[in-house]
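Undergrad: For chain A, the structure is supplied; the task is to place chain B on it using the hints.
Heads up: the protein sequence lines correspond to chains A and B, in order.
Per the numbering used here, the very first residue in the first sequence carries number 18; after that it's consecutive.
Per the numbering used here, the very first residue in the second sequence carries number 18; after that it's consecutive.
Hints were generated in silico from the structure; no laboratory data involved.
Where hints are given, some of them may not hold.
Copies of the same chain are indistinguishable here, so a pair counts whether it falls within one copy or spans any two.
[Stated by the list, open to error] Below are the SDA-like pairs computed for lysine to any residue, each with C-alpha atoms no more than 25 Å apart in a straight line: (1) Lys152 x Glu90; (2) Lys152 x Gly43; (3) Lys152 x Ser21; (4) Lys152 x Leu42.
Number of protein chains: 2
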Amino acid sequence: MTLSIIPVEGIGEAVQGDDVASLILGGLETSGHTLEGRDVVVVTHKIVSKAEGRVVDLDDDGPDGHRHLVETEAVAILRRRGTLVIAETRHGFVCANAGVDRSNVEHSRAVLLPLDPDVSAHRIRTRLEHASAVKVGVIITDTFGRAWRHGLSDVAIGISGIPAIVDYRGTTDTHGNVLDITEVALADEIAAAADLVMGKASGIPVAIIRGLEYPDGEGRAADLVREPSGDLFR
Amino acid sequence: MTLSIIPVEGIGEAVQGDDVASLILGGLETSGHTLEGRDVVVVTHKIVSKAEGRVVDLDDDGPDGHRHLVETEAVAILRRRGTLVIAETRHGFVCANAGVDRSNVEHSRAVLLPLDPDVSAHRIRTRLEHASAVKVGVIITDTFGRAWRHGLSDVAIGISGIPAIVDYRGTTDTHGNVLDITEVALADEIAAAADLVMGKASGIPVAIIRGLEYPDGEGRAADLVREPSGDLFR
Chain A
18 MTLSIIPVEG IGEAVQGDDV ASLILGGLET SGHTLEGRDV VVVTHKIVSK
68 AEGRVVDLDD DGPDGHRHLV ETEAVAILRR RGTLVIAETR HGFVCANAGV
118 DRSNVEHSRA VLLPLDPDVS AHRIRTRLEH ASAVKVGVII TDTFGRAWRH
168 GLSDVAIGIS GIPAIVDYRG TTDTHGNVLD ITEVALADEI AAAADLVMGK
218 ASGIPVAIIR GLEYPDGEGR AADLVREPSG DLFR
Chain B
18 MTLSIIPVEG IGEAVQGDDV ASLILGGLET SGHTLEGRDV VVVTHKIVSK
68 AEGRVVDLDD DGPDGHRHLV ETEAVAILRR RGTLVIAETR HGFVCANAGV
118 DRSNVEHSRA VLLPLDPDVS AHRIRTRLEH ASAVKVGVII TDTFGRAWRH
168 GLSDVAIGIS GIPAIVDYRG TTDTHGNVLD ITEVALADEI AAAADLVMGK
218 ASGIPVAIIR GLEYPDGEGR AADLVREPSG DLFR
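This is chain A alone, in the form it adopts within the complex (with noise of 0.2 Å):
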């Protein structure tokens, strides 16, 4: 079956306050689509952090303002190179600035991630089934570098009514053979595939996944999260 994105234009700045899942509401509205039941709809965070107040004001707008807020934000730092910090956020997440981000914000403030992603996520799926009456799926994403790749791909930050992973456990080929690729990142490949229609600079936060199969379930974004003990690249 082919799969659709759809990017959903027409969503302006949110500010502290809004309410993410009217602000899709009203974009689908404008761009003339409406949810379907089983869509995927892959909200980047920033819109999420801004109407949750996730924004700060930097009293230093310099490298030290800078490097403050990450070690704040931080419960841990992997590496140091220069002004690159690599770092665990609360959630568990190791990426740069531990996801403090001055990009698509007022000059002097910062965009930080939202204090618990699921729940954000949660929080705008039930609303847009409310006013959809179908059952949707939703995933909150940030962009995320990567150990031994260049470049920078969309990542699952926050997820609900979909799982995170695809547990192929036990399943055998065609061939017969038990599958070596056992658990597959579903809500990671949503995100990444989601940002091909959205942009850096296009200003376009929400996009619509239809057509997509994937198993029932409820993934958290933890679900994604290598315990360290378990990692061998720390």
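TA: Structure of chain B alone, referenced to chain A:
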């Protein structure tokens, strides 16, 4: 613009000597699709490897034979734990088992990575463009694990006719800030997106991405490989 990801069904098993472009064109015809300009054709490496004869018989079907083969394919071993080996391939990719894969192949055989997947992608693209009279991109994929995050995701291991990375350096956002996010791993995001319609057990080895806006440029898989000296997580 809405992006479509079209699974190409009806492509059977590949065997040594097969022309992958012909297999793709046959699958497209069977499923009633034709290529359009700027489509991106995403191909799992397994049919490429099989067509190129990159399948070996294991003299020893047990763990020793497997380990020996992995060590032959690896140029460096990064980590070992139990039977898991994280290794660097001759291409510079860091992945489990140096790309040696025993799923979707007969017992006592293993599939290796193509020797030069960019060349494979270029060959497929040239033939597809000749047959269809439109310009396309081709991406060959494999399924890799990640540091810090559970679950596997498809990535690009061979590229032709499309950039590997989109570079936003110097671009400003709607607030006039220079973007933090400078390099997006376009080819990897495409690979992940295509995997959403391929599935691991369903045996669909090709998908067409249609409607994607991407800059002109000729990427190589090496563009995505972080050189060991610049990698903080080796």
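Undergrad: Now tell me if each hint is right for this structure.
TA: Do the hints match the structure? See the list:
no., hint, verdict
1, Lys152 x Glu90, "neither (34 Å within a copy, 46 Å between copies)"
2, Lys152 x Gly43, "within (18 Å within a copy, 37 Å between copies)"
3, Lys152 x Ser21, "both (17 Å within a copy, 22 Å between copies)"
4, Lys152 x Leu42, "within (15 Å within a copy, 37 Å between copies)"
Hint 1 from the list above is the single one not met by this structure.
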